[in-house]
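S.K.: For reference, the chains in residue letters:
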Amino acid sequence: MSSPFLTAVNISHTFHDLPVLENISLEIQSGDFVALVGPSGVGKSTLLRILAGLLRPSSGEIHMADGSRQEPIGLVFQRDNLMPWRTVAENIRLPLELMGMNGREANGRVQAMINLVGLAGFEQRYPAQLSGGMAQRVALARALVHEPLFLLLDEPFGALDALTRERMGLELLRIWEAMPVTVLLVTHSINEAVFLADEVLVMGSRRPNTKRPATITHRIPTGLPRPRDLAMERTAVFQDCVTAVRAAIESGV
Amino acid sequence: MNILQRQPVWLTTLVSFAFLVIGWQLLVTLGGYQKFILPGPLDVWRQMQIVAADGRLLRHSLITISEIIPGLLIGCLVAAPLGYLLAKSPLAERLISPYLIASQAIPIIAIAPLLTIWISSVYWSRVAVAALVVFFPILINMVVGLRSVPAELYELMHVLKADNGQIFRKLEFPAALPVFLAGLKIGATLAVIGALVGEFVQPQSRGLGFLLITARQSFKTDLVFVILVTLAVIALSLYGLVALLEKQVLRWKLQK
Chain V
1 MSSPFLTAVN ISHTFHDLPV LENISLEIQS GDFVALVGPS GVGKSTLLRI
51 LAGLLRPSSG EIHMADGSRQ EPIGLVFQRD NLMPWRTVAE NIRLPLELMG
101 MNGREANGRV QAMINLVGLA GFEQRYPAQL SGGMAQRVAL ARALVHEPLF
151 LLLDEPFGAL DALTRERMGL ELLRIWEAMP VTVLLVTHSI NEAVFLADEV
201 LVMGSRRPNT KRPATITHRI PTGLPRPRDL AMERTAVFQD CVTAVRAAIE
251 SGV
Chain Y
1 MNILQRQPVW LTTLVSFAFL VIGWQLLVTL GGYQKFILPG PLDVWRQMQI
51 VAADGRLLRH SLITISEIIP GLLIGCLVAA PLGYLLAKSP LAERLISPYL
101 IASQAIPIIA IAPLLTIWIS SVYWSRVAVA ALVVFFPILI NMVVGLRSVP
151 AELYELMHVL KADNGQIFRK LEFPAALPVF LAGLKIGATL AVIGALVGEF
201 VQPQSRGLGF LLITARQSFK TDLVFVILVT LAVIALSLYG LVALLEKQVL
251 RWKLQK
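Residue numbers (the working numbering), protein chains in the order written: chain V, 1 to 253; chain Y, 1 to 256.
What the hints contain is simulated information worked out from the structure, not anything from laboratory work. If you're wondering where the values come from, they're calculated on a predicted model, not measured in any experiment. The beta carbon of each residue, even a glycine, is placed where N, CA and C say it ideally should be.
In silico DSBU-like cross-links for lysine-lysine, where the CA-CA straight-line distance does not exceed 35 Å:
#, chain 1, residue 1, chain 2, residue 2
1, Y, Lys170, Y, Lys88
2, Y, Lys253, Y, Lys170
3, Y, Lys88, V, Lys211
4, Y, Lys161, V, Lys211
5, Y, Lys253, Y, Lys88
6, Y, Lys247, Y, Lys170
Covered by chain Y, according to a simulated footprint, are these stretches of chain V (three or more residues, beta-carbon under 8 Å):
#, region
7, 83 to 94
8, 123 to 129
Some residues of chain V that are not near chain Y, with every Cβ distance over 10 Å (derived):
#, residue
9, Leu18
10, Val20
11, Gln29
12, Asp32
13, Gly41
14, Ala65
15, Gly67
16, Asn115
17, Glu171
18, Ile190
19, Arg207
20, Asn209
21, Leu224
22, Arg228
23, Glu233
The task is simple: from the sequences and hints, build the whole structure.
M.R.: See below:
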């Protein structure tokens with residue numbers, strides 16, 4: 001067995017003397033789709049920022065497979081965070097520009113991503129002219145255009161309506177299956193986590209009556225086959241897994 | 001009112017201007033004011049033709065404009081980098097901003113005489129006053145513009161391994177540009193005031209400020225009005241130029 005894509009060892013983080021994360025250790029295998037759930041305010045986004053290299057943990061270490069640390073990663077937030085002065089195509093092109101890739105190769109990649117997320121015909125639109133779902137597709141395309149090894153999603157569909165959210169989840173799976181990328185998804189939705197991921201990590205505190213400091217209390221493999229479709233949400237395996245994740249969040253320990 | 005709202009802008013502007021002129025003339029006629037107290041629009045028009053014909057209006061206008069433009073540019077060139085520094089460095093902000101804010105409590109008319117002591121050139125002391133007036137709104141807008149950049153976009157640039165130059169060119173500059181240009185619009189009109197204050201303090205024989213002082217001293221109130229109108233036209237033109245620039249640069253804002 002090859003070494004894991006990402007290993008976090010004993011990550012603890014303190015924010016202004018307030019312990020937020022405590023002794024978090026986790027492993028993510030290359031190509032996995034991992035979801036991170038937990039009550040709001042528990043520190044999911046903080047952990048995501050630490051794994052993204054945006055935040056240095058107070059203690060603990062993160063190891064990544066050879067060279068992966070230096071590679072630019074993909075990042076999607078709850079808000080699309082598109083640059084309003086750039087068109088759809090120009091927004092998606094940004095990571096390539098920063099890497100110094102221009103010309104025909106960049107154009108080809110941008111167009112391929114636009115087709116992949118189903119935005120053909122909208123290349124020259126500005127973000128203000130897009131619906132929420134479309135803007136989030138652009139954000140997803142921007143996060144993937146440079147073919148990152150690691151994609152971090154922080155509540156990416158949290159601002160979308162339920163139907164759009166479901167469809168975006170399916171699209172995300174389709175894209176993930178077409179690309180060799182390891183995904184970490186932070187979400188509030190238990191259903192979404194179970195439906196999309198191979199493994200659901202549950203965050204919570206081991207101490208009674210408090211959310212902090214939080215750690216990973218449970219890891220629950222979903223056990224659903226791939227490729228997935230919405231019909232699976234009605235199967236017993238899916239329902240049992242959702243129940244298990246919900247119980248894990250509510251138990252706290 | 002509805003009929004007026006549906007008309008093109010130039011027509012409504014013309015109508016409001018006509019009302020202003022007619023009201024002004026009525027005030028003069030009904031009030032029976034003498035010309036040196038309140039000249040009518042016709043007196044002002046006649047006086048404008050005289051100073052336009054003998055070349056005085058253009059000559060003094062060009063001098064004042066030649067103070068306004070460098071004043072505006074120098075004000076921008078100093079304020080923009082300083083604004084960047086203040087927005088990026090909390091330490092710099094803590095050290096510098098109290099003095100900047102305190103300096104705004106002192107009216108420019110009180111600082112201007114000092115500048116004429118320090119800067120011996122009449123021309124450059126006037127430019128300096130203009131630059132000083134422009135400085136603050138540009139600075140504030142630069143800081144506000146840079147602070148408006150969402151933290152998440154900085155995070156995005158960091159995970160994409162952008163260097164500081166790229167972050168400035170591709171994120172901070174375009175993000176701050178709309179607010180900066182709004183500041184430039186205010187600065188453009190303030191530069192006119194600044195140049196005029198400079199001319200009031202150093203009124204040596206040239207510029208619209210000099211012409212204004214001599215006109216007032218000789219009770220040529222109609223000439224005073226001509227100069228006020230000219231100043232308004234200069235300020236409006238500068239504002240219009242910046243607005244035009246804004247329209248070109250911020251084309252993405254117009255798309256809906």
